[in-house]
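Residue numbers (numbering that gives the first Met the number 0), protein chains in the order written: chain R, 0 to 515; chain Z, 0 to 515.
These aren't lab readings, by the way, just hints derived from the structure by calculation.
Any given hint could be a false lead.
[Said to hold, decoys possible] Once the Cα atoms are required to be at most 30 Å apart in a straight line, the calculated BS3-like pairs of lysine-lysine come out as:
| hint | chain 1 | residue 1 | chain 2 | residue 2 |
| --- | --- | --- | --- | --- |
| 1 | Z | K274 | R | K45 |
| 2 | R | K49 | Z | K117 |
| 3 | R | K300 | R | K461 |
Protein chains: 2
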Amino acid sequence: MNYNKNSVGREIPEYLEGIGELQPFIGVGKTLVNKSKAGAKIRVGKPGDKKLVSSIKEAIEKSGLKDGMTISFHHHLRNGDYVLNMVLDVIAEMNIKDLTLAPSSLASVHDHIIPYIKSGIITGIQSSGLRGQLGEEISKGILNKPAIIRSHGGRARAIEDGELHIDVAFLAAPSCDEMGNMNGQSGKSACGSLGYAMVDAQFADCVVAITDNLVAYPNIPASINQMYVDYVVEVEEIGDPKGIVSGSIRFNDNPRDLLIAQNAVKAIKASGLYKDGFTFQTGAAGSTLAVAKLLKEDMKKDNIRASMALGGITGYMVNMLEEGLVDGLFDTQSFDLDAVRSIRENEKHFEISASEYANPNSPSPAVNNLDFVLLGALEIDTDFNVNVMTRSDGVINQAVGGHQDTAPGAKMSLILAPLVRSRNPIVLDKVTTVCTPGEAVDVICTDYGIAVNPLRADLIEKFKEAKIELLTIEELKEMAEKQTGVPDTIEFSDDIVAVLEYRDGTIIDTVKKLKN
Amino acid sequence: MNYNKNSVGREIPEYLEGIGELQPFIGVGKTLVNKSKAGAKIRVGKPGDKKLVSSIKEAIEKSGLKDGMTISFHHHLRNGDYVLNMVLDVIAEMNIKDLTLAPSSLASVHDHIIPYIKSGIITGIQSSGLRGQLGEEISKGILNKPAIIRSHGGRARAIEDGELHIDVAFLAAPSCDEMGNMNGQSGKSACGSLGYAMVDAQFADCVVAITDNLVAYPNIPASINQMYVDYVVEVEEIGDPKGIVSGSIRFNDNPRDLLIAQNAVKAIKASGLYKDGFTFQTGAAGSTLAVAKLLKEDMKKDNIRASMALGGITGYMVNMLEEGLVDGLFDTQSFDLDAVRSIRENEKHFEISASEYANPNSPSPAVNNLDFVLLGALEIDTDFNVNVMTRSDGVINQAVGGHQDTAPGAKMSLILAPLVRSRNPIVLDKVTTVCTPGEAVDVICTDYGIAVNPLRADLIEKFKEAKIELLTIEELKEMAEKQTGVPDTIEFSDDIVAVLEYRDGTIIDTVKKLKN
């Protein structure tokens, strides 16, 4: 096998069985594109066509699903999702095999499909996340072809540009009419935004809506319009509400998270970007939520309003919208019940597709308008590369999500992480897997201090003016190692079990099978 | 030149200079499609890219517009539109030529561009409507290539399927932010829905927003999202509010229109389709508005509610929505101030794209869900073919609009027209130009009586049960001719000045140059 070293120093094979030729990552914003978007197969419906079918099996039969095809799902039902497992159970019964599974992400509830991988029903997986036992099993090499890991924006790009061609999309619909007009705003399985599903609906050759809440025609608002939907199936339950959205995501007052958050707020306020009309994205993790909470208090004090908040939306952002501290929310994913209520009731809480959120191959995805983004990390290395996918033992465990998309999009990306987690150093020499390249990472905020990427001399200057004490990334690494010792080198085999795409489609890293 | 007779008996040339090979119309729903949709050119924006440019000229320069390209506009500003003329004035100054102009429609305000056709700046036109002096001039043969007339759904199809490839779309935006998030709901030039423009935005290689109402980021709701927009230009005025929307469209109590409307209401009520949950579309013309008014009274009396009303939306439909007589409105075009207010305020008044409205090459455009549609006619012939494009003297004068789309989509299409108009018979032997084929036309309602298409034996049966007196179409024709005499045959030359596409892309008729 011939390898090419990519611009973050990882060896990328020229060709990989099951995937094809690989283009090594050459740097943020460097890949040139000179082609047109793809398009779904044209279907010509007739007046009077009925879309409602009696079972998932009937929908699959009518969809024309065959061995070797690619099927997609969305992950708005998160760990409460029943649909992916239900559909694969039926596919297994029908003895369709050699499928590529291309959901927007996977949760631990999808450990259920491990036997289908082992039996050859699923031979490829393309997803943003691979969690739980499924991640472990894939790390052991059970999947026939290497998995492809993409960010949310990278997936939207791959679909729109024709690199990920979806034959049949199965879309969980919390509210749907018999023509397929659907939204996620109401019903017992309400999940808020259907942002990921919107891209699948537009580009798949066949779209099947699966709902537990068949409502009268016309279902308005239609986040996904009937013109995109081929079949509608009613089932008892598409998910477990407890797993779909948290009751209300709240910061748990963990003192370490608070320390990290205070450092992040200091950095934000000193950046020169904290002013009327600023834009931001926070995640739903402890320390980033704490930033949302602290920032809100400061904004009130300083009489500063944000114009736009983006991303996975939580009650924190909803609260800021309702208090007039932010003018509008763009929502690809609603994390809690407050967010679901808000997207239903508040016009300024606006649903956008994953492509509108983060597709790099468009004139301007919303991530390009971010001033700040607050992100987590499993590992950060001295080149500022971030790993959000594999554990320190090398096992696939998490999700890329919007990390790769927002970090280069935002004027200032902040990585919030403790220096040490479960006796593992978080800042280290080389991350196990590069997910987000260091050149897109600006500020590291830990519980022991802040380090700024030397590429951002402008920020270093600003922070010094604000008398923020800065550490170098090497100092952070040494402080971490002082507590944990130098981590052992993980023993990998040569077999590649997954490739990490950068959002532009080039390969930023690979994940290898563990030895033994 | 070789000709093929199409299924409505018109001779269609096999090949036409300036257009290419022509496929003759072979009947409603007969054209098979086995391909995929087209896609716009991929543009890769960078964070920090500015879209705001200082002038239309700068936007045109940056768009890369060149001789021979295709440009598009939307017609939501109707006869109040300034944008199309402004842009063409600049293009003329810049000496770009041989352009194809492909707006969703044209109004008489666009007579302004006639000199640009004569000077070769515009050599092709593809539009739903060609009115006023422009229509007359095109009938005289001033356009270099034959014009292509398409319905709203046909245009959406042609764009999505790659037959109408738009190089640069210039979109009038009544409200827009500097990233291009736009809607038509507010601003001095508010027009309501931007349904036609949504398709252009998605499929054009370059999108320029032109606004007289630049608002703070983020402009929510974004009917067209920033991810589709390349440049934004601010100008003084994009239109004349008096020409954009009527203050309030109201039925004028013309007794002839009332007679026609009463006949239509009789037919609707006897059809078996008038029951809870029915769906309908009315136009904005006198007699169809009268139907809306009469039907509303009956619905209240009969305690019957509609589920969906579609199309160009007027205050009549808004009023029905607000009184709970219809559950939801799908709006591609808002005709009056009531409709503009409603689409802004009422979630159940829902904006849809022209493709979602009527694209025949999709699993189900909304027109396929119509029970009734009420349509007008310039001429109707004894084969039930309808002309909505050319005057009785053969001159291009009107627009196809959604006529071709809704007639086959609806379970019952009703054509409302007086028997005689300005001493011209409306029902006659052969329409001057076939726009909508007779097989899609079910019921003709005139001020002298009702005729039903013999293909609809089911309706004839129902109407007889309801004791509705029916005339044959031949009887209507004779009654008309008795008043007017047999109309003179129009003298055409052999030169084709326009082709009428059926919504599926085949050619249903051609318009020839007048003799002299």
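Restraint status (C-alpha distance of K274(Z) to K45(R) at most 30 Å)
Measuring from Cα to Cα gives roughly 22 Å; hence the hint holds.
Given the hint that K300(R) pairs with K461(R), does the C-alpha gap stay at or below 30 Å?
Holds. K300(R) to K461(R) sits at ~22 Å (cutoff 30 Å).
Agreement of K49(R) and K117(Z) with the hint, judged by alpha carbon distance not exceeding 30 Å:
violated, 50 Å
Hint violations for this structure: number 2 only, all remaining hints satisfied.
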